[in-house]
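Chemist: Taking my numbering, the leading residue of the sequence shown gets 1, the next gets one more, and so forth.
No lab work stands behind these hints, which were simulated from the structure alone.
These figures come from a predicted structure and were not determined experimentally.
We put the CB at the ideal spot given by N, CA and C, even for glycine.
Distance windows between CB atoms, simulated: (1) Asp157 with Arg105: 31 to 37 Å; (2) Asp157 with Pro101: 31 to 37 Å; (3) Ala46 with Glu245: 56 to 62 Å; (4) Ala158 with Arg194: 18 to 24 Å; (5) Ala175 with Arg75: 35 to 41 Å; (6) Thr255 with Glu64: 37 to 43 Å; (7) Gly195 with Ala158: 18 to 24 Å; (8) Glu31 with Arg61: 17 to 23 Å; (9) Ala46 with Arg248: 51 to 57 Å; (10) Ile21 with Gly195: 35 to 41 Å; (11) Glu98 with Ala51: 44 to 50 Å; (12) Val190 with Ala51: 49 to 55 Å.
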Amino acid sequence: MTDDDDGRLARDPAPAVGRSIRLLGLLAEAERALTLTELASGLGLAKSSTANLCLSLEAERMIERVPLGYRLGIRTAELGGAFAAQFNQVREFYAVCESSPVLARELVQVAVLDDADSLYLARYEGSRSVRLGTPLGSRLPAALSATGRALLMTRDDATVRDLLARQGPLPALTAHSTVDVEGVLAKLAVARERGWAVDEEESFRGIVGVAVPLEGWAPGDPQLALGVGIPVLDATSERIARVGEALREAASALTNPFSAAPRS
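Please model the entire structure based on the sequences and the hints provided.
Modeler: Given below as structure tokens:
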């Protein structure tokens, strides 16, 4: 545990709640079951205190006990779905995709910007047999993913540069990843001119992503992005343009003309 962690815990008005949230975070990051010993070590707590947290979270179905330890429970999925469903656009986007001759065949995803990450909230399963896409609730660096770039392209370069600088060096997720901020800014400039962002195998090998921004419907709603992943062998310039235009049409159908406003 770092000094910052110690200071945060000392200021926490409800330590048990804070520790429970951190425990859930450990399980989410691990993407596997963790033993009581591993959880206690990650929290910096005694096993007895960690066991009490686990009992409370298990009773509320936030976690569940399995042979190898503890994993996230079904209640976390319900809460994640409830978070996404509170936004009108997420509820409506399935119908918009279904009515699109292009998107009805694709796997379309909805993402939101969370700090410097693109966080995936919802997905529409099109009719194509190939299943691609990022699992719901997972994250990708916004600078490398098409959905993240779609969200960043609505900001000015100074804002993007400051956001990415706070995160440290960009990770090389594949051999094609753009790992310098100026290179990302150059790709955002192209995306603004074209109308959609592209990720050419920069976040997943073999996948070309295409995405557009979607302004929140009501005041206070977050800005979202709509994105499609295409196998690189099928990612011709014609198909990318066709998908990009279809995403722009979908975003237009989901945009409230009275509340959408440009971002600085």
